[in-house]
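Novice: As a plain string of letters, each chain reads:
There are 2 protein chains.
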Amino acid sequence: MNIFTAGILIIGDEILSGRTQDTNANFIAKNLTSSGIKLEEIRVIQDDKIIIIESVKSFSEKYNYVFTTGGIGPTHDDITSESIAEAFNKKYETNLEAFNILEKYYPKGDFNISRQRMAKMPSDVDLIYNPMTAAPGFKIKNVFVLPGVPKIMEQMLKDVLLNLDKGKPKKITTINTDLYESKIASSLSDIQNQFFDCSIGSYPYFNFISKQGGVNIVISSWEMNSLDEIEKEIINMIKFNGGNYSIV
Amino acid sequence: MNIFTAGILIIGDEILSGRTQDTNANFIAKNLTSSGIKLEEIRVIQDDKIIIIESVKSFSEKYNYVFTTGGIGPTHDDITSESIAEAFNKKYETNLEAFNILEKYYPKGDFNISRQRMAKMPSDVDLIYNPMTAAPGFKIKNVFVLPGVPKIMEQMLKDVLLNLDKGKPKKITTINTDLYESKIASSLSDIQNQFFDCSIGSYPYFNFISKQGGVNIVISSWEMNSLDEIEKEIINMIKFNGGNYSIV
Numbered sequence: 043m044n045i046f047t048a049g050i051l052i053i054g055d056e057i058l059s060g061r062t063q064d065t066n067a068n069f070i071a072k073n074l075t076s077s078g079i080k081l082e083e084i085r086v087i088q089d090d091k092i093i094i095i096e097s098v099k100s101f102s103e104k105y106n107y108v109f110t111t112g113g114i115g116p117t118h119d120d121i122t123s124e125s126i127a128e129a130f131n132k133k134y135e136t137n138l139e140a141f142n143i144l145e146k147y148y149p150k151g152d153f154n155i156s157r158q159r160m161a162k163m164p165s166d167v168d169l170i171y172n173p174m175t176a177a178p179g180f181k182i183k184n185v186f187v188l189p190g191v192p193k194i195m196e197q198m199l200k201d202v203l204l205n206l207d208k209g210k211p212k213k214i215t216t217i218n219t220d221l222y223e224s225k226i227a228s229s230l231s232d233i234q235n236q237f238f239d240c241s242i243g244s245y246p247y248f249n250f251i252s253k254q255g256g257v258n259i260v261i262s263s264w265e266m267n268s269l270d271e272i273e274k275e276i277i278n279m280i281k282f283n284g285g286n287y288s289i290v
Numbered sequence: 043m044n045i046f047t048a049g050i051l052i053i054g055d056e057i058l059s060g061r062t063q064d065t066n067a068n069f070i071a072k073n074l075t076s077s078g079i080k081l082e083e084i085r086v087i088q089d090d091k092i093i094i095i096e097s098v099k100s101f102s103e104k105y106n107y108v109f110t111t112g113g114i115g116p117t118h119d120d121i122t123s124e125s126i127a128e129a130f131n132k133k134y135e136t137n138l139e140a141f142n143i144l145e146k147y148y149p150k151g152d153f154n155i156s157r158q159r160m161a162k163m164p165s166d167v168d169l170i171y172n173p174m175t176a177a178p179g180f181k182i183k184n185v186f187v188l189p190g191v192p193k194i195m196e197q198m199l200k201d202v203l204l205n206l207d208k209g210k211p212k213k214i215t216t217i218n219t220d221l222y223e224s225k226i227a228s229s230l231s232d233i234q235n236q237f238f239d240c241s242i243g244s245y246p247y248f249n250f251i252s253k254q255g256g257v258n259i260v261i262s263s264w265e266m267n268s269l270d271e272i273e274k275e276i277i278n279m280i281k282f283n284g285g286n287y288s289i290v
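For the record, the sequence lines run as chains A and B.
Per our numbering, the very first residue in the first sequence carries number 43; after that it's consecutive.
Per our numbering, the very first residue in the second sequence carries number 43; after that it's consecutive.
Check before you lean on any hint, since a few could be wrong.
Which copy is meant is left open, because identical chains are indistinguishable; a pair holds if it fits in one copy or across any two.
Below, simulated SDA-like cross-link-like pairs (lysine to any residue); rule was C-alpha separation at most 20 Å, straight line [claimed, not checked]: (1) LYS104 to ILE92; (2) LYS213 to ASN249; (3) LYS72 to ASN205; (4) LYS146 to ASP232; (5) LYS225 to ALA176; (6) LYS225 to VAL191; (7) LYS281 to ASN218; (8) LYS210 to ILE45; (9) LYS162 to PRO211; (10) LYS104 to ILE93; (11) LYS274 to SER231; (12) LYS193 to SER252; (13) LYS91 to PHE237; (14) LYS72 to ARG85.
Because the hints were derived from the structure by calculation, they are not lab data.
For reference, chain A alone in the conformation it holds in the complex (with noise of 0.2 Å):
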């Protein structure tokens, strides 16, 4: 079966100094796995032109969708579209449709040379519309280039995703125990042995207030078209544990 993957660039030195906690790579995760397609990757790099060619082409190499965000502002500190442009030798200039969508938002002589400077891009690329701040992102070869501005790139991943040829999606099924890890960590690991095609991932939890804790137990497979096999030997195994179980 075909599985798309997919890499994810923040391009951001706001990320890495701390001051801003990131929520794109989350979002965009979680409709990536909804979506059927696969994230591998997430890097957060700095606002460097080096690193964002490097980056970018070695990502549009290794996965089947590339999505970043951030940097492509009116500002001085916005070099996400330059880089882009010159990781893929295309010219960097200003894209007439963007520039005429742009012209028509602001109004008359608000449309100076900053906000102009969102229109230039890497040539022949596609437009991907922003219907909040009309200032557009765009798709070049297999890379998404999108805003830092959580709300704004959220509506236009979600344009995007709609488009975009996709996998089966990830089947997940979540087990919740009050068994610590440790007590079942030996009879997981061998039921995960006799299921190949699926992960069983094991995240313990502990309430440092109440003193109690367990364990979410994640089965999940891109493969297999039912889970319900392993979610019973998993249920099997908490009982014969002496634990309680709920589906989450």
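We have chain A already, so just place chain B on it with the hints.
Specialist: Just chain B, lined up with the frame of chain A:
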């Protein structure tokens, strides 16, 4: 001046599937910045031995310090420690000090084989103690291996940072203005061009309900002793354009 650099590796399929919003990278980022360590890259990678080995090796060569989170628990999907042993051509074996700590921590009879797995590490490491749930992390070369559970990781990181060679903290000032980004973009670019030792970042925001927006202008420098001069220039520029400002 010596600048210490760092990279973070977040190891975990649950982040890539979107199931979990990572907060560890942001916590580490903030603490590195305030400790005078420059974070240059964050990568979120799959629970895959070959990928972990390659990423750890390349980060260890590229950055002064590397921080990993995730994959050091007792279950079959916890493969960080054995992967890192392999990355550095070390044996993967029981660390006696870690074994003793864990044995003392658990009630008699509860220190089972799965839990004993948490004492297995590359040979010749320094332990990173865990004041909450006993299971230690470790340091090997310039790589600090930490757990994925945020509360525990955060405590352990703070101890690690106390004893690390660090640089001068980064100087940062944030100026907020109600002017739109595109209004000040070219002036900001002119100011940036006068000061090469600092970076001026421009982070627009927009409230879609109140329809009010503005920009946070972040001036930062690892090298300069004072940002006062740049701050003054930016404030004058805001006033000149008829905007209000505040230091955030």
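Novice: Now, for every hint given, state plainly whether the structure supports it.
Specialist: A quick look at each hint next to the structure:
{"no.": "1", "hint": "LYS104 to ILE92", "result": "both (18 Å within a copy, 15 Å between copies)"}
{"no.": "2", "hint": "LYS213 to ASN249", "result": "neither (29 Å within a copy, 37 Å between copies)"}
{"no.": "3", "hint": "LYS72 to ASN205", "result": "within (17 Å within a copy, 38 Å between copies)"}
{"no.": "4", "hint": "LYS146 to ASP232", "result": "neither (63 Å within a copy, 28 Å between copies)"}
{"no.": "5", "hint": "LYS225 to ALA176", "result": "between (55 Å within a copy, 17 Å between copies)"}
{"no.": "6", "hint": "LYS225 to VAL191", "result": "between (44 Å within a copy, 18 Å between copies)"}
{"no.": "7", "hint": "LYS281 to ASN218", "result": "within (12 Å within a copy, 57 Å between copies)"}
{"no.": "8", "hint": "LYS210 to ILE45", "result": "within (8 Å within a copy, 47 Å between copies)"}
{"no.": "9", "hint": "LYS162 to PRO211", "result": "neither (36 Å within a copy, 36 Å between copies)"}
{"no.": "10", "hint": "LYS104 to ILE93", "result": "both (16 Å within a copy, 13 Å between copies)"}
{"no.": "11", "hint": "LYS274 to SER231", "result": "within (15 Å within a copy, 62 Å between copies)"}
{"no.": "12", "hint": "LYS193 to SER252", "result": "between (36 Å within a copy, 15 Å between copies)"}
{"no.": "13", "hint": "LYS91 to PHE237", "result": "between (45 Å within a copy, 19 Å between copies)"}
{"no.": "14", "hint": "LYS72 to ARG85", "result": "both (16 Å within a copy, 17 Å between copies)"}
In this structure, the hints that do not hold are numbers 2, 4, 9, in rising order.
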